[in-house]
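Trainee: Now for the letters of each chain:
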Amino acid sequence: MGTVNINGVSREMTAEEQAEFDAQQTAWNSKSADRKLAEIKRIRLQKLQETDWMGMSDTTMSSDWIAKRQAWRDIPQNHSTDAEYEALLARDADGNLTNTIWSKP
Amino acid sequence: MALSKIDLDKAGVTGTLPTSNLDTVGVAQGGTGITSGTTDQFLKFTGTTTVASAAVEEPGWKLLRTGGVSAGDSYATLTGLFSSTYKIYKIFLYDWNTSIDAAPYLQWVTGTNTVQSASNSYKYAGVGYNTSGGGSNWSGSDTQFQIAGETVRHDSNENFAWEGTLYNPAGTALKKRLVFAGGGKRTGNYDFSLNGTGEWDDLTAITGFKIFPSGGTFDSLSWKIMGLVG
Chain A
1 MGTVNINGVS REMTAEEQAE FDAQQTAWNS KSADRKLAEI KRIRLQKLQE
51 TDWMGMSDTT MSSDWIAKRQ AWRDIPQNHS TDAEYEALLA RDADGNLTNT
101 IWSKP
Chain B
1001 MALSKIDLDK AGVTGTLPTS NLDTVGVAQG GTGITSGTTD QFLKFTGTTT
1051 VASAAVEEPG WKLLRTGGVS AGDSYATLTG LFSSTYKIYK IFLYDWNTSI
1101 DAAPYLQWVT GTNTVQSASN SYKYAGVGYN TSGGGSNWSG SDTQFQIAGE
1151 TVRHDSNENF AWEGTLYNPA GTALKKRLVF AGGGKRTGNY DFSLNGTGEW
1201 DDLTAITGFK IFPSGGTFDS LSWKIMGLVG
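Sequences listed follow chains A and B, in order. Take the first sequence: its position 49, counted from the start at 1, is 49 in the working numbering, and no numbers get skipped. To convert a position in the second sequence, counted from 1, into the working numbering, add 1000.
Read the hints as simulated data drawn from the structure, not as lab findings. Glycine included, C-beta positions come from ideal geometry on N, C-alpha and C. Treat the hints with caution; some may be incorrect.
[As the list claims (entries may be wrong)] Label-pair restraints from in silico Cβ distances:
hint	chain 1	residue 1	chain 2	residue 2	range
1	A	Thr98	B	Glu1057	56 to 62 Å
2	B	Asn1120	A	Ala67	40 to 46 Å
3	A	Ser10	B	Leu1228	27 to 33 Å
Between the sequences and the hints, there should be enough to build the whole structure, so can you do that?
Mentor: Structure (structure tokens):
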């Protein structure tokens, strides 16, 4: 049994409380992939916004950058498993994204 | 003939009265202390005499509750906390750390210990920013408040801190308004800030609250609750 805290005092959960807690954990864990994809989309949006200036009329976007930005847009179609999401979100000790999809061409 | 009165002026009495031999001087007779009564009473003049006042707290924030969880607790509930005694309450949550990355949630308690979780009854919106250069805005209509726009990172030395102001929890004419601010480290190892507000879509008086992470259990959490006197 897990524990709960009522007014600063911990006690064991009742069976009913444990069932409610277990259901909550199951629901949260079942959406793990959704949360990772949302985080990936947030990173992608930031990357796209940072490079939008390349598409302005007075500049010419290189083919490498065109391909890179398309790869970012295609992430949801080309990645769909939890393991793939984990790989896209991998970071080094300094917090930098390490997957090559995020690197500049 | 027995001596009944001494005219101190004519007698020319000087020196200091030996207080150990004095009886208690009543307030009405000019006594300047209250030897019994209720905490926060003071002396007041009625126009004709001096009496002990009704108990009046010093204006300002008064600490009502302090405490914390034990590691492994899945949630914390504080009951019997809010009443009509104070119109404005301050909730401080700090040293918030959990076993997994999780969003911080809050629900209101009514009555003795009834946790409120009706669908779409908690409306909230907030703005934030994070050191990744991105926004941490969020909003929702749910069975609880999400009190930050990010999933809070669970590293052992990280700490999410939050403070909220609750207005008129004992009132039953208007819906309850919570205004809050805070910050922490989010998933991805970036710091984030938050400012937001939430409304509980109900007129019932609030007496306490429940706090819990969206997943996992608490490693640590402390709280201090204050009421505004005056």
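Trainee: Against this structure, judge whether each hint is valid.
Mentor: Going through the hints against the structure:
A beta carbon spacing of about 58 Å between Thr98 of chain A and Glu1057 of chain B agrees with the range 56 to 62 Å that was offered as a hint. The hinted window of 40 to 46 Å between Asn1120 of chain B and Ala67 of chain A holds, with their beta carbons roughly 44 Å apart. Between Ser10 of chain A and Leu1228 of chain B the C-beta distance comes to about 30 Å, which sits within the given range of 27 to 33 Å.
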